[in-house]
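There are 2 protein chains.
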Amino acid sequence: MTPQVLDLIALRFKVLSDSARLRILNCLRYGEMTVSELVEKTELGQANVSKHLQILHSNGFVERRKDGLFVYYSFADESVFNLCDIMCGRLEAELKSRRKLFAS
Amino acid sequence: MTPQVLDLIALRFKVLSDSARLRILNCLRYGEMTVSELVEKTELGQANVSKHLQILHSNGFVERRKDGLFVYYSFADESVFNLCDIMCGRLEAELKSRRKLFAS
DNA sequence: CGTGTGTATGTCCGTCTGACAATATAGGAA
DNA sequence: TTCCTATATTGTCAGACGGACATACACACG
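Protein sequence lines, in the order shown, are assigned to chains A and B. Numbered according to my numbering, the first sequence spans residues 1 to 104. Numbered according to my numbering, the second sequence spans residues 1001 to 1104.
These aren't lab readings, by the way, just hints derived from the structure by calculation. Only a predicted model underlies this, so the values are computations on that prediction, with no experimental measurement involved. Treat the hints with care, since some could be wrong.
Claimed, not checked - Dumping the calculated PhoX-like pairs for lysine-lysine here, alpha-carbon to alpha-carbon at most 25 angstroms: (1) B:Lys1014 x A:Lys66; (2) B:Lys1066 x B:Lys1041; (3) A:Lys96 x B:Lys1100; (4) A:Lys41 x A:Lys66; (5) A:Lys41 x A:Lys14; (6) B:Lys1014 x A:Lys51.
As the list claims (entries may be wrong) - Have a look at the derived ranges for each label pair, beta carbon to beta carbon: (7) A:Ser58 x B:Gln1054: 31 to 37 angstroms; (8) A:Arg98 x B:Arg1099: 44 to 50 angstroms; (9) B:Asp1085 x A:Glu37: 32 to 38 angstroms; (10) A:Ile55 x B:Ser1097: 31 to 37 angstroms; (11) B:Lys1051 x A:His57: 30 to 36 angstroms; (12) B:Ser1050 x A:Lys51: 47 to 53 angstroms.
For each residue, glycine too, the CB sits at the ideal point set by N, CA and C.
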C-alpha cells in the first residue's frame, strides 16, 4: 500500500462521503433514472444533482445514456452496494455495543 | 435506506476519505502502535496524528490501550480492510478499462 | 517537589466543498 | 427560425476540514 494508492482510495471514499450523492445512488438502486426524476426524488436542486452526477460519473460510479432531451443515469458497478452494506454492518455493530453499555 | 441512515454512512465514509487517516490505518494493519511510532512512520506532525486518531477512535475504527506514558492504538474491526480491498478492486477495474481504451 | 517525555487540545489560517442562483447549452416542437 | 424543456456550467458565498504551531495535560522518575 503505497501512499499514492492510499491517496487514490481516499479520493474514492470522498466521493461516497456526501449525503446527497448517497441519496442519488440509493435512488438508482433499482434502475436507471433521468436527472429530473432524481431532482424530484432527492428533493435537491437541479444544479446540485447535475454536479453530483458528474462527480459520480467521472469516478466511475454511474453510467450515462442520452436519449433525446433526457439523460438516463444508472449504476456502473455493484460494488458500491457492498461498501454500503459493510458500513451498515459497522453501524449496527456499534449500536449493539451501545445498547450493551446501557444495559450493563 | 432512510436519509438519516445515509447521513450516518456518509459520515463514516468521510472518516476514510482522508489520506493521512488511511496512512495511519495502513500502519496499524499488522499490529498496535504508539502515537510516537505512528508519527515516525507517517511523517505527520504529532498533533495532527493525535487529532486523526481521535476521529478514528470516536468513529469506532481504532481502539486505545494506555500503558504508562504510552498509548497504543490498534484496529477495532477488520471490516476496514474489506472496504479498502473493494476500493482497490474498483481502481484495478478502472485501470483495466483504461488500458482497453488505449489498446483499441 | 520539579523535570522530562508522551499525548491531547486549542487556535489560526489557507484551502476546499456544497448550496444556491443565474446563465449557457442541447434538442424537440410549432 | 422561435420557443420551450432538460441538462450542464459558472460564480459567489458560507461553512467545514486539514496542517502548523503553541499550549495544556498525564505520567514516570529523580
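Verification of the supplied hints:
| no. | hint | in the structure |
| --- | --- | --- |
| 1 | B:Lys1014 x A:Lys66 | 32 angstroms, violated |
| 2 | B:Lys1066 x B:Lys1041 | 20 angstroms, holds |
| 3 | A:Lys96 x B:Lys1100 | 46 angstroms, violated |
| 4 | A:Lys41 x A:Lys66 | 20 angstroms, holds |
| 5 | A:Lys41 x A:Lys14 | 23 angstroms, holds |
| 6 | B:Lys1014 x A:Lys51 | 19 angstroms, holds |
| 7 | A:Ser58 x B:Gln1054: 31 to 37 angstroms | 32 angstroms, holds |
| 8 | A:Arg98 x B:Arg1099: 44 to 50 angstroms | 46 angstroms, holds |
| 9 | B:Asp1085 x A:Glu37: 32 to 38 angstroms | 33 angstroms, holds |
| 10 | A:Ile55 x B:Ser1097: 31 to 37 angstroms | 18 angstroms, violated |
| 11 | B:Lys1051 x A:His57: 30 to 36 angstroms | 33 angstroms, holds |
| 12 | B:Ser1050 x A:Lys51: 47 to 53 angstroms | 35 angstroms, violated |
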